[in-house]
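Engineer: Below, each chain spelled out in residue letters.
2 protein chains.
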Amino acid sequence: MPSITVLCGGVGAARFLAGLMQVVDHSSITAIVNTGDDTELHGLSISPDLDTITYTLANAIDPERGWGLAGETWHSLEALERYEAVRPEGSAAATRWFGLGDRDLATHMYRTQRLREGASLSQATAEITRAWGLGLKLLPMTDDRVRTEVTTASHGRLAFQEYFVRHRHALTVTQVDFVGADTARVPKAVTDALDTADIVVIAPSNPLVSIGPLLALQRLAGALARARSRTVAISPIVGGQAIKGPAATMLADAGIEPSAAGIAAVYAPWASTLVVDTVDGGLTTAIESYGIRCVVTDTVMGSPARAAALAASVCAAIR
Amino acid sequence: MPSITVLCGGVGAARFLAGLMQVVDHSSITAIVNTGDDTELHGLSISPDLDTITYTLANAIDPERGWGLAGETWHSLEALERYEAVRPEGSAAATRWFGLGDRDLATHMYRTQRLREGASLSQATAEITRAWGLGLKLLPMTDDRVRTEVTTASHGRLAFQEYFVRHRHALTVTQVDFVGADTARVPKAVTDALDTADIVVIAPSNPLVSIGPLLALQRLAGALARARSRTVAISPIVGGQAIKGPAATMLADAGIEPSAAGIAAVYAPWASTLVVDTVDGGLTTAIESYGIRCVVTDTVMGSPARAAALAASVCAAIR
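Those protein sequences? They're chains E and Y, same order as listed.
When you read off a place in the first sequence, starting at 1, and then add 336, the result is the number in the working numbering.
When you read off a place in the second sequence, starting at 1, and then add 336, the result is the number in the working numbering.
Just so you know, the hints here were simulated from the structure itself, not pulled from any lab data.
Derived Cβ-Cβ restraints for the label pairs, each shown as a range: (1) E:W433 <-> Y:T409: 20 to 26 Å; (2) Y:G638 <-> E:G407: 40 to 46 Å; (3) E:Q459 <-> Y:S565: 54 to 60 Å; (4) E:R481 <-> Y:G638: 51 to 57 Å; (5) E:R493 <-> Y:T409: 37 to 43 Å; (6) Y:S363 <-> E:A506: 45 to 51 Å; (7) Y:K524 <-> E:R493: 34 to 40 Å; (8) Y:S625 <-> E:A429: 56 to 62 Å.
Cβ atoms here follow ideal geometry from the backbone N, Cα and C, with glycine treated the same way.
Between the sequences and the hints, there should be enough to build the whole structure, so can you do that?
Structural biologist: Structure follows, in structure tokens:
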């Protein structure tokens, strides 16, 4: 059984991992997860990508919303509304735009307590994934604080969740920064997972704000560069559109063609193979002109079976 | 209208304040509240006495339990159970014994966030009481960390909530410590409230673990000593029993007679008048032998009307 390390953002990565878990042994999978989206709200430490992956793989995610837990209630958040009237200027209020369900809060409370007790985010994450009965390894890209900030044309510089959730990513992004990435340490487990994996996968996540933070970590980027011949990326752009989220617009705003060929340009330094959707089969020559091999298959994970088929194709692309 | 400052623990103080608010202008009342019971659970900063008073005065307390909010749900706490199985040794788990309802959590989340943002507990408390529409001033005894710890015959030294909630105060206490009290600063608003009040009231709270932490703060004790002629204490012991909680047992374990006379011995240095219940009218001479005047009235606050009548008697005792 080959060992597989997957670089992950949130929803797209979670769906891919769910497919992968159908076709390989769970203990052979390591997911290295973006923490640039992490935030502190209401005194709690929140790791959206880690939780989206955990809840998805545990079959506990709300399928309609795509985030948070199914069957959730919102009593705590509703009760917090009372305090919005007295909150002084300068205090960060996210009550009205960042959904935190009562059961979801338990995850953030556990994580927050463990971090306060001196545990690393890696330790807390290992405990949380074990609590959900998951057999794969979920590794935060770093245990240090890295925060993605986007500069927008209309609203200036924003914390990632302000841009993504509060403004529903409907703003033109002129710059993306990963604050803290230059000094954040990369855990040895992360570089080991890249150095020893038979297959490295860059999940179909937003290359700029989901995979970007991982690439901004020097030692992680170094390990990924060493693994290039074993690395396959999955294009998050299908027919010029992102399956979910603002990737296409953000790429265009960054001067990158929002197409599978643009993705090839972005990932050619990191991956030796790019998996693109059948609708983009015509781009094969354009893609391979960047020095990256192109594999064409069905990449839209509309069902567990299609996610499993994609995972199998991705593994086969390297083996 | 006289200004009234009340030294407070939790439930008994809350009921007295509710009575007081029926007979005097709310803006003339300042409550100085014990924070030795405060704790951190699940990453959240919890102030049980402040919250019991706030919820009681806002008519939001659960009347059956005597703590927390009426009509509460428990989804977050139930969801936290999942993590108990993976919690490593040394991590503090209170899930199973410290009740935190979903709506109550909102208060702790707001407080925790404000403290993280650099607000003092006094500021956060002022915001929270304003959010509940309360017109009195609620002042934590200190903005610094003081933690009541009890040494027990059977279980060694315990944090207060471990003793009080987890072990349901059914342990013999051999010593009480207020960790941090020697260096904790007393806000000027607290000493001012004692220096300027027409009437100072020591609420019918546990003298050892509810009022004790306040007396352990040197500047607060100094201001209270200066106010002795204006200070009236209400005995929390009625007919040799505490209305609620372990006060009688704790007094006995500390070598103090668990009676209104024992209370007189404890409070004589601080108060010029002690209000005791009619059932203890026979102790008047014994009480006054400690150099404290004795006022006999109905002190059992079985209804709002009786609480109001007690408050009126207490005010009259000084005026």
